[in-house]
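Enquirer: Residue numbers (my numbering), protein chains in the order written: chain A, 1 to 363; chain B, 1 to 363; chain C, 1 to 363; chain D, 1 to 363.
Please note that a few of the clues may not be correct.
The list treats identical chains as one, so a pair stands whether inside a single copy or across any two.
What the hints assert, rightly or not - Each computed DSBU-like pair below joins lysine-lysine, with the alpha-carbon atoms no more than 30 angstroms apart:
1. Lys309 / Lys191
2. Lys148 / Lys320
3. Lys39 / Lys88
4. Lys259 / Lys320
5. Lys99 / Lys60
6. Lys326 / Lys88
7. Lys88 / Lys148
8. Lys143 / Lys326
9. Lys272 / Lys319
10. Lys99 / Lys148
Just so you know, the hints here were simulated from the structure itself, not pulled from any lab data. A quick note: this is a predicted structure, and the numbers were derived from the prediction, not measured.
There are 4 protein chains.
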Amino acid sequence: MPGNSFGKQFRITSFGESHGGAVGCVIDGCPPGLEITEKDIQEELDRRRPGQSDITTPRKESDTIEILSGVFEGQTTGTPIALMANNKDARSADYEEMKDTYRPSHADYTYEQKYGLRDWRGGGRSSARETLARVAAGAVARKFLREKLGVDIVGCVSQVGTLTAEICPDTFTRAEVEATPIRCPDKTKAKEMISLIDAVRDEGDSLGGVVLCTARGVPVGLGEPVFDKLHADLAKAMVSINAVKGFEIGSGFSGVSLKGSEHNDPFELDDKGDVRASTNNAGGVLGGISSGETIYFRVAFKPTSTIQKEQSTVTSTKKKTTLAAKGRHDPCVLPRAVPIVEAMTALVLMDHYLRHRGQTGDG
Amino acid sequence: MPGNSFGKQFRITSFGESHGGAVGCVIDGCPPGLEITEKDIQEELDRRRPGQSDITTPRKESDTIEILSGVFEGQTTGTPIALMANNKDARSADYEEMKDTYRPSHADYTYEQKYGLRDWRGGGRSSARETLARVAAGAVARKFLREKLGVDIVGCVSQVGTLTAEICPDTFTRAEVEATPIRCPDKTKAKEMISLIDAVRDEGDSLGGVVLCTARGVPVGLGEPVFDKLHADLAKAMVSINAVKGFEIGSGFSGVSLKGSEHNDPFELDDKGDVRASTNNAGGVLGGISSGETIYFRVAFKPTSTIQKEQSTVTSTKKKTTLAAKGRHDPCVLPRAVPIVEAMTALVLMDHYLRHRGQTGDG
Amino acid sequence: MPGNSFGKQFRITSFGESHGGAVGCVIDGCPPGLEITEKDIQEELDRRRPGQSDITTPRKESDTIEILSGVFEGQTTGTPIALMANNKDARSADYEEMKDTYRPSHADYTYEQKYGLRDWRGGGRSSARETLARVAAGAVARKFLREKLGVDIVGCVSQVGTLTAEICPDTFTRAEVEATPIRCPDKTKAKEMISLIDAVRDEGDSLGGVVLCTARGVPVGLGEPVFDKLHADLAKAMVSINAVKGFEIGSGFSGVSLKGSEHNDPFELDDKGDVRASTNNAGGVLGGISSGETIYFRVAFKPTSTIQKEQSTVTSTKKKTTLAAKGRHDPCVLPRAVPIVEAMTALVLMDHYLRHRGQTGDG
Amino acid sequence: MPGNSFGKQFRITSFGESHGGAVGCVIDGCPPGLEITEKDIQEELDRRRPGQSDITTPRKESDTIEILSGVFEGQTTGTPIALMANNKDARSADYEEMKDTYRPSHADYTYEQKYGLRDWRGGGRSSARETLARVAAGAVARKFLREKLGVDIVGCVSQVGTLTAEICPDTFTRAEVEATPIRCPDKTKAKEMISLIDAVRDEGDSLGGVVLCTARGVPVGLGEPVFDKLHADLAKAMVSINAVKGFEIGSGFSGVSLKGSEHNDPFELDDKGDVRASTNNAGGVLGGISSGETIYFRVAFKPTSTIQKEQSTVTSTKKKTTLAAKGRHDPCVLPRAVPIVEAMTALVLMDHYLRHRGQTGDG
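Could you build all of it, start to finish, from the sequences and the hints given here?
Expert: Written out as structure tokens, the structure reads:
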């Protein structure tokens, strides 16, 4: 199977370039009878949209979603749900320079080598505009998970550049996250992060950061033992997002320094006599299967590659040149990354829920 | 598709439990005409085998591989290659205690909840013995990649507990790696690591660590733009290995602290006039597609969950109890993890090579 | 994977209902560098379009295709090609009766039982309008196969009701097929078929028939040994088309009556010294793999289920009732079925060509 | 995905050649908690086994199945079930002639062209011995379908050469089928068929025939609307069996001659007030989804290609030659084909049951 589909039972197939006719996706395998409207989806898309705050790109993009199929009288019918947003007002002229010059740390060079040609307008298929389809499909999955299973997916920004916020995966709320444009629930750190972004933007430079994402209320039993471990699929989902360089679940890279006796999560019985883990270094997954504890993981985003500072590079005709981005770009993608990370989380959980229900009859 | 297969064009399907009849896998999609023998495979399996040195478990396991199909007169025929190792000398009695007690940070509890029953002997399907199939299949992929494309996959241990070695991804050799039982090419650090493992084992405790893996000589163009980015598939491959908690490519989590101007890899022309990157924070992948630079990434392994120290836990009949592992287990899985990480790397690259060749006709 | 995708390497994902926003599909895995325009696709769609002749439904449907992505400056880029036709002028009111009444031999009852609800407007997803996406995607595959491999796919109507034409699979041409509205290259039989259709339509009844399809110039080697035999995938492709009840390749059901000595196709050497079969009861496939001979097969279509004659049926509230279709429907789908059968043939061959090229490097 | 796997949720991956180490398969996705033993599987295999009666080949083959994994204390665990039969007593010498000579209407030529080499011993992967894996896996699916859903799958031989038996799909029993070695429930026709086979075998020639297969008690709702129609998957399953040239469901090719008013199956209400069809030309599937009526279809098998009569052919070094099979082969594969057709039916139904349960939560 080619690589523009994701998921096995709840499967999305994505299409579209930055400056083609449209971007969108087809969801195949959605359970019938889910109430869904364009408004449900638009709400999540607006969190991803460029131009939503001072610290994101002021570029205007149309993110207005249409449901083309698979929904009848407000409910999913079980047939494919096609979601599409037209591309409007795309000023290709702004990108003329990209036609012949390989932007450093972008996909221009590798696309051209792989395919022999590339749609250079706005990066074509490598544009982050592609994530619109992920967020749209994720909104459908998320609604199902919330309504049918009570699953709550909440992500936030926990690091920008060198500024790190300590955030407990079990307690921060979406309201706290949405309270600041940087989407960091620690208000003090949030202010510092915003100031840092402002400063770096003024230098014509950019910043990276980390998204912490959590899924609370996930039932025990989702995921499969070997290759399709729940966290392996989360890893793929996250690392497939533009600009992501790393993924860690639970204790992650820092857990490496602990001894087994410190790292293991002892089982205990809670007040209701149910099995619980007294710590959660595992991050909510044991042996690839959800344990009923909060799932939490961190996703590392590199600093935005498109910067206004001048950089050395080469052209497709193999000449040395320099490049400095024109126009205004995101100095830091982190706030817009939160809904994308959440959406991919919803897609993975939804897929594994349907798979689990199919195999075992549970749910 | 259920979760015991990996890869789309070079596809392995794995089977087997720790104490069932056999473990093995079926490789489907292997190119015809590759010369392969059981010896080629056994060589890699011996690096994964328990009991190979003082710092691994002294447990004896039969890792003798048989090729059951798909090879005729020493060459692959293009039909499925079934690889199998019988399970011998399995002393289930040693595991009686696991029957009713959930080992902390193991899969006993989640398997039982998911499936309603579990093969408790040696952890069943959750046993690391499953990785034998990965290494066996990886040996086939690796041979193809080396012989047909000149790809060289070399991994090593770069961290054990709190001990970190600085290793340049471009230069360390397999000979250096194999020179010490800990598989760390930095001889001084290797000694310290071994001492640390010895000490912690004597405490009845365990250690985690990090594997650094590199693939050199990978041609430009492997990987796909959106979901099946080359490093997304590497992330899934690695995080699907038992005990893995994190994955990072190139600059990874530490790259987050750099600014864009520091992190970007400028393009330049080399002596032959070919396009190269003058730095490699990307880790050899741009926009999901191999760039021709060395691919390198790090994989975090948690400390071994099975320890001799006493731990709190509960039974399947919901009673509190304690557990202390009997017998001898790996105090640190890192040295045995290196061939597993390398094998999964080979499977991902092989799969993407065949996919690329199919779509574009290149190669 | 849910069931709205077809193909493994050249993979289409279809969406859309008769009266929703649009119908279309996403092609994933198309080789880059293929020149394709909307005109190339429209040409095939016009052969499938309702209202193209006196013997098809006079219903007007918009089949105007848009390429939304994956094509840049007239060439495929290797990224997903989204194709879409808006649904216009749909008069749902015509279908009000279908809301509560199960049309005999239609999918109304089974959809409602499976999903708990159904989009009853025009049959929703079960409408033959879905085949628009197949023909559109098939046009892309077909162009590649013709230009790069010299493959020629030609189908025709060989039977309508009880009228059968004897047609040699190796020689009839597309020009002959397109010369009559019934798409039967035997002119005499064609006239009889048209008269028969006229008569049966006037009775308010309908007819079935058989499409004979051929693929000439297919290189030796496409297809796989066991489950994905080339003709097994053709069988699935054809039987997945609305109204199809049977598939046979080569000698088919009538070959059953021959003895082995009569049925076997002896090998011989042609003038160039190449291996050829002196007869072709096989239908161009041996052991699941194309042999280089003409591939030919027959597809049985049942008489159109929608008829103006009154029929007994029941309602969704479990009451007996009768139903007589209003408006004008196809009295015989055969002429419009030809381009659909050809399109599915192109999709199967294209998929197997890319798979073969990936595994073996041939091509 | 390469072509040696079948099914999406209940997925089998098959391996093995006629004269390699073993043949077998891995079942992935089986529900946990199904009681299964080697005896359950062996019973079906014995119906497929060579040498079971006077009208099949007297060749001895070991069909003794081993369960290598996925079953613990007599129950499936939800992890992969590996099934294997060793190849014993294979006398490769008998096949020396096949090394250089292409058997007419066999896969020797196409395999060699596709892969560049072939395992010529007994036909390698193209041998009918491959169907052993299908029957073994089918036995597991069948047991689940029977025990959990009450589905009854019964096939029979309805035609041998020119001899046709009229058999009602709703009433014939397995006991009647197993009562004669030809597996035709019409005793009079059965005798004639056996005499015909005896006569043709004595001529050194072979016969084809038709298997009629039925599935009774299949719940409404299995199958998907577009590409994965239930009968499309049945078509693929059947046509993928060695020697199959055609598939038809319900009225099939003969239904083509009826008018719509004759062919349509009116809905009615049965005594319980349930919706039923008063005729079943559909063959139990409407719009790709099971309707609750008996599913029945016919599968055409060509006459066995291996015959003792002398035939013209060529060698791999492109010389003309003749070939007459030595040893004893099946003069007619039909009786042994019945369990294979039934097994494939079970695999398709099982897969669609799990898919349906996953998407809708029904079942």
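Enquirer: With reference to the structure, classify each hint as holding or not holding.
Expert: A quick look at each hint next to the structure:
1. Lys309 / Lys191: within (25 angstroms within a copy, 45 angstroms between copies)
2. Lys148 / Lys320: neither (57 angstroms within a copy, 33 angstroms between copies)
3. Lys39 / Lys88: Answer is both: 20 angstroms inside a copy and 24 angstroms across each meet the 30 angstroms cutoff.
4. Lys259 / Lys320: between (51 angstroms within a copy, 23 angstroms between copies)
5. Lys99 / Lys60: within (22 angstroms within a copy, 43 angstroms between copies)
6. Lys326 / Lys88: Close inside one copy (20 angstroms), not across copies (42 angstroms); limit 30 angstroms.
7. Lys88 / Lys148: For Lys88 and Lys148, the Cα distance exceeds 30 angstroms both inside one copy (36 angstroms) and across copies (36 angstroms).
8. Lys143 / Lys326: Neither: 39 angstroms inside a chain and 40 angstroms across chains, both beyond 30 angstroms.
9. Lys272 / Lys319: The answer is between: 13 angstroms across copies meets 30 angstroms, while 70 angstroms in one copy does not.
10. Lys99 / Lys148: So Lys99 and Lys148 pass the 30 angstroms test across copies only (28 angstroms; inside, 48 angstroms).
Checked against the numbered hints listed earlier, the structure breaks hints 2, 7, 8; every other hint is satisfied.
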